[in-house]
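Protein chains in written order, with my numbering: chain V, 1042 to 1583; chain X, 72 to 287; chain Z, 127 to 437; chain C, 226 to 345.
Hints in this document: simulated from the structure, not taken from any laboratory.
No experiment lies behind these values; they were computed from the predicted model shown.
Treat the hints with caution; some may be incorrect.
To be verified - Calculated pairs, EDC-like style, for lysine to aspartate or glutamate (alpha carbon to alpha carbon, straight line, at most 16 Å):
#1 K177/Z <-> D1390/V
#2 K144/Z <-> E216/Z
#3 K134/X <-> E188/X
#4 K185/X <-> E135/X
#5 K202/X <-> E192/X
#6 K1386/V <-> E183/Z
#7 K237/Z <-> D337/Z
#8 K186/Z <-> E1576/V
#9 K186/Z <-> E1328/V
#10 K426/Z <-> D384/Z
#11 K190/Z <-> E1328/V
#12 K237/Z <-> E226/Z
#13 K371/Z <-> D384/Z
#14 K1460/V <-> D1538/V
#15 K346/Z <-> E416/Z
#16 K1577/V <-> E183/Z
#17 K237/Z <-> E416/Z
#18 K237/Z <-> E289/Z
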Amino acid sequence: MTSIPYIPAIDKEETYLNAGYKVRTWLLTRDHKRIAILYMLGITFFFVIGGIAATLMRLELATPRADLFQPDMYNRLFTMHGIMMVFFFLIPSIPAVLGNFLIPIMIGARDMAFPRINLFSWYLFMIGGAITFFALLVGGVDTGWTFYTPFSSVYSDTWVTLTIVGIFINGFSSILTGLNIIVTVNTMRAPGMYWFRMPLFVWSLYATALIQVLATPVIAITLLLVAVERVTRIGIFNPALGGDPVLFQHMFWFYSHPAVYIMILPSFGVISEIIPCFAHKRIFGYEFVAFSSFAIAVIGFLTWAHHMFVAGISIYAGITFSFLTFLVAIPSAIKAFSWTLTLYKGSVDLKTPMLYATGFLGLFVIGGLTGLFVATLGIDVHVHDTYFVVAHFHYIMVGGAVMGYLGGIHFWWPKITGKMYPEWWGRFSAFTIFMGFNLTFFPQFILGYLGMPRRYASYPEEFQVLNVLSSAGASILAVGYALPLAYLLWTLKWGKDAPQNPFHASGLEWKTSSPPPPENFEQQPIVEDGAYAYEKIPLPPR
Amino acid sequence: MNPYTAHLQHHFRDLEQQREASTLGMWTFLATEVLFFGGLFLGYSVYRVGYPDAWTEGSHHLKEWAGAINTGVLLCSSLTMALAVRCAALRMTRQTTWFLLGTIALGFVFLGIKAIEYTLEWREGLVPHFKFDMNRYAANPALGNRVQLFMSFYFIMTALHATHMIVGIGLVSWVAYHAWKGRYTDNPTWVEMTGLYWHFVDIVWIFLFPLLYLIR
Amino acid sequence: MNETFRLFPRSASTFAPKVDAVYFFQIAVAAFFTLLILTLVIYFSLRYSRKRNPHPEPVKTSYKTEIGFIVALLSLTMVMCAWGTRIYVEQYTVPAGAMEIHVIGKQWMWKTQHPEGQREINSLHIPAGRPIRLVMASQDVIHSFYIPAFRIKRDVVPGRYNEMWFQATSPGQYHLFCAEYCGSHHSAMIGSITVMEPGAYQQWLAGTPADEPPIRAGEKLFTQFACNTCHGQRAPTLAGLYGRKVTLTTGETLTANDSYIRESILNPSAHIVAGYPPIMPTYQGQISEEQLLNLMAYIKTLKDASTQPTQ
Amino acid sequence: MAHHIPTIRTYLIVFATLMILLLLTVLAGHLHMGRFNHAVALTIAVGKAVVVLLYFMHLRWSSKQTWIFASAAFFWFGILMTLTFSDYLTRGNRPTQSIISPAVVPQGQQSEAVSQSKTP
Ligand code: HEA
Ligand code: HEA
Ligand code: CUA
Ligand SMILES: [Cu+2]
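My request is simple: use the sequences and hints to build the entire structure.
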């Protein structure tokens, strides 16, 4: 695909990893690859925190009464869970880890456009995370991750303000990551890397970056207003003083609905790399998959009030937003079928990343289709704020986005660390997670339609059987997630060395050594061909 | 070192690419700023449509003269900033520095007038929560609450704008220092970027002025 | 309510079968697409495995296929959209002549009151087969009145009325939940809805000590707050106001509905009736949600002699 | 780096235009045009902003890419406003009846709630 000469992986070659061992060579690095590793450590920490909160919640929900924790404690747990998982794990996950690491390499650049800003945004992320984590530890917050007013701005007597400060700071980290990605992709592409030669991973992250840049400032200002209202007691969102709580919801969801696409689009990108690689074949309908990312990014901004169908918005607004929500499902459908049809007449190899990718596909489709249930007005009036919604978004965020992230981590692990992951354990973990996941979250659809509201520390007894199933599934899921954490760490010391291109994949990142040198390429690559030119990469004889 | 590459960071191919990246980065940043202020403008508009009486009432308490003068001051500062950028592009070091200093001075004038305004408003008891004279609205506390709402928006919007001004003055000072040292003779990008930011802050004020001060 | 395990909620209102129908339709669509993709993925992975098919062949798509696909899916989703919308409009449009019940939500209980004055806490008795309209207000944060068996919920937002209606079909006891997170004891803000045969309901009403009915309480408040000192003399008569077109000093006309009357009392300066001076004092902060509901109930009963025949 | 450098004359003309527009806004603010005041003030503001964007910020001589990014910001702001107002303006009686309904929590209960909570 390109004219870089093949560089054999010689021992002692300089890589970004052995370019310096002192702590400050990491903490003051401007190398996008090292910053990606820093991010990976950060989000893994926050994921485990969020996961522990989830585990405690599921334990509490194993019995109908609020016996393990007081309701106040339970409320703090799900708030902590939601905030940690959304703002500090999933939103930065793929863009800041895999995106940071791969985008410059995939487009043949030496670094991100603004390396210093890149490092700065990691610090913002860590500072924001530390502040929020501190607030959650010392006193906790009990508003839910949605911070609905006037509860959050007037009534809650927990550490809302500090938490908001942390999220506010983290928001700027997200904006700066997006900004860096946009500018890098626009201006730093290697000679010959035209837009329609870019891998779809870059396309999706570019679309994600647009959302990050255009939506995040609105949540920043919204949360700022809540904080101001808490401190000064002026009634911006407090009806007692003339404010409108529903205005808060509009402003919150103007960000938070597009934000769900910040969470899923990067996974779409990962899947669009993995599936062609393990089918060893061009992706089906490249342009359509590329454009559908943009369609999602744009239409995704038009649907936010579908979270407010029962909040007392006007009936006309409800109908408008329902209609627009259905539109956004179409580009996702294009992608789902493009991935499926890529397998057709391919040469499919079910290695670990591919197992994660197929798991993603199945679970995302269920999550997305149940999104259509809740977009249907009549149904949403019944299932809004019940476990049906909880199941919907976990299918997409855990079954979809997290599966995609893990698939990507396995796929590029050889490139990032220079070590192979253990294949058998990899497949086993993918399988465990898939099973545990379904057992955890499928019963929640049934619970939701039965009418069990979310954010309930206690519930009527007739719901217990399904809740116990769900809790049992959650423990399998926890094991499933602990596995990769353990064996991937293990490979760092004992893993097999990875060749330059272990999966016979196309893409510039496989044209440089594993792990890559600090400058990514020995020479400036010149691109002569579009992405996914798999017909030019021979498969080794079996 | 070749003077042409002195300012080229290692990961860019050439200065043109670097300049393109900075420009695009700045415009992207300004786009986020538009939406940052946009959230406030939305809140402002919803309540303005909802409570026209309170909004008119609140607006009458503001010092129109101060707002108007400040608009003029900012427009002047935009002119000096634009001229500074022009001089930098023409490599006129001395003039660049002077125009930048002029911009800083005008920035301070703006902040000074704003401070006077805030002081007057404090004296008149127009600051929500801290010093708001509800007696004025004893007959109609509901209206009083809504005027407070207006004043809250006024203070939050202008304070946020002033914060941007302060950051801007800091940036311009930094750039002026380097311009004076002759660091931009080969690459005026920094002056241009600071200029973009400064003009943007000006634009925000161009909207704030009629929206806050001129409601009839 | 002491029931055991079940997989599908009971259905006890006229909405339930309608919501269930579109739900089943969605299940069918979802099952179809999920199974389709699942089958294809499994089949392709086996049929075109690396062992069986070592030489992949490219497959191309065309604009025609993609556009056809988009159009097909679009029409399918539009069916869902239209179907859901029809139910939604019905769920949130209150029919005329419904029996009116007042609901007040506060941290963490539901207070309800019947037209005849009976009050209940965390429970509500209603007759089957009759449309019932709930006028709901909150004293503090947002709550949400949710009856799964009726497939209906609506947020109760402080600072305004949100209304909701339903018609129960089968007698029995059903869950009432607060569905919007509202603080510490959100999960304890639950109760029961008892649906009774109309006759049994009348008996229940008779056997339950009644507070003053809202209308009578409102009548008292009307003198207590001295409304009567102005209205009918210096101020417009309130007789026949409800549902009437009102012309304002600004020249606009609007219909006097619940929210209009509520606002007239709390914030009279927001809209001044043409031909009258803006002298009415605000009652904001002096009147509770309950009193307000009572006043409104009373004002609605004031019939205008001239409009009576048409009503 | 061949990019356009406008003349001083251009800048002075632009500046004069801006000052005239400023004068116009202030004057228009004192005319009583009813609802049009609002529209006039906003139109002038948009005019001023466009002039600043085109000349001082060099948009006139910038690449298409810069145009796209600059307009995207305003386009998205438009989405925020339009769709939010699609709710507010279709609620209940429009437009005189307050689109946001008034408050009713008796003051006593309100302060009780406020005193309960502290802000760490
Ligand atoms: C990554 C996150 C993510 C993603 C991608 C989505 C995607 C979608 N979401 Fe989801 N959603 C959430 C995360 C996400 N959501 C969260 C976190 C909440 C709750 C927030 C809270 O309250 O805490 C939520 C809540 C939520 C609601 C509000 C529910 C309520 O509170 O009452 C709605 C309503 O419309 C909705 C709809 C949709 C739709 C239509 C999509 C669509 O984009 C899905 C499109 C995908 C498909 C349709 C599947 C693939 C297509 C096919 C297989 C072909 C067949 C297709 C057709 C027939 C069209 N979501
Ligand atoms: C990225 C987003 C994300 C992810 C990954 C998850 C992951 C999980 N979630 Fe989460 N969830 C949300 C986002 C997410 N959730 C959001 C936004 C809400 C709404 C919050 C609100 O209402 O405000 C929510 C709410 C929510 C609820 C509803 C609470 C309620 O409404 O009362 C439940 C209940 O079961 C739940 C369960 C789980 C479980 C079991 C997992 C599991 O997948 C987690 C498994 C992971 C681990 C366990 C960590 C890794 C494991 C180890 C390191 C091993 C060692 C650990 C142990 C032995 C404990 N979640
Ligand atoms: Cu009331 Cu939840
Ligand atoms: Cu959404």
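Determine which of the earlier numbered hints do not hold for this structure and return their numbers in increasing order.
none
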